[in-house]
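Novice: From first to last, the protein sequence lines stand for chains A and B.
Going by our numbering, the first sequence opens with residue 41, and the numbers climb by one from there.
Going by our numbering, the second sequence opens with residue 41, and the numbers climb by one from there.
The reader is advised that the hints may include incorrect statements.
The list treats identical chains as one, so a pair stands whether inside a single copy or across any two.
[As the list claims (entries may be wrong)] Straight line, CA to CA, 30 Å or less: simulated DSS-like cross-link-like pairs of lysine-lysine:
#1 K113 - K77
#2 K47 - K113
#3 K77 - K47
What the hints contain is simulated information worked out from the structure, not anything from laboratory work.
Everything numeric in this text was worked out from a predicted model, so none of it was measured.
There are 2 protein chains.
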Amino acid sequence: MQLLWCKDFLVLAQMRNFSRAADQRCISQSALSRRIKQLEDDLGARLIDRQPGSLQLTPAGRVFLQHCEQMLKQDQALREQISNTIQ
Amino acid sequence: MQLLWCKDFLVLAQMRNFSRAADQRCISQSALSRRIKQLEDDLGARLIDRQPGSLQLTPAGRVFLQHCEQMLKQDQALREQISNTIQ
DNA sequence: TAAAAATACTCCATAGGTATTTTAT
DNA sequence: ATAAAATACCTATGGAGTATTTTTA
C-alpha cells in the first residue's frame, strides 16, 4: 500500500475518467490504469466499476475512499508534527 | 510513503540493529539501510540516531513510531472491512 | 580492532510511455 | 463509430544483493 495509490484513487474517484485523472496526476492513461489495477490486486477487490463514460465506485471502492481521505490527512498531520519537532 | 517502510521502521525500532532487523524483514542490511534513508528523505527528518551498538530514535522517530502503529492498524482494519464488503 | 552501518557496483525487476487493441455505448 | 480503458511492447529507472569501505566504541 502506497500513499501514491491513495492520491491516484482520490483523483480518479473525483474525475470518474481514467484519461483526465491521469493528466491531473501527470502520468499516462495506461500508467494510471496499471496503478489502479495494482491497488485492486493488493486489496484483493475491485474498487471501480468500469463503464466507459459512467465510471462508478464499487462498495469496496467507497470503503477505500474513506480510508484514503483519512490516510492523506494523517500523513499531512505527521509531516506537520515532524516539522515542529526539534531534531 | 509506503506501508513497507512503516513495517521496516517498526522492526528496526524494536531490534535497534540494522543487520538483525534486515534479517527479520528478509532483506539485506544494505537494502534496509537504503529503505530507511528513503523514508528519512521522504519525511525530511532523521528518524534514527546511528550509534552502532546503541541505536536510538530521534524525537521525529518517536513521532513516526506512533504514526506507524496507527497506519498498520488502519490498513488491517481496511482489509477486514473490504473482505466483509459485498462486491 | 571489531561491530555495525553506509556506499559502490552491478544486475534485474518493475514502472513508465507510446502505440494498439478491445470494449461498451 | 467513437470514446475510453486495457494490453503489448520496449525502455529506463529504481531497488536488490554482494563486496567493500567507513565509522565509532
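Novice: Taking the hints in turn, state whether each one holds.
Specialist: The hints, checked one at a time:
no. : hint       : in the structure
1   : K113 - K77 : both (24 Å within a copy, 23 Å between copies)
2   : K47 - K113 : both (11 Å within a copy, 20 Å between copies)
3   : K77 - K47  : both (14 Å within a copy, 23 Å between copies)
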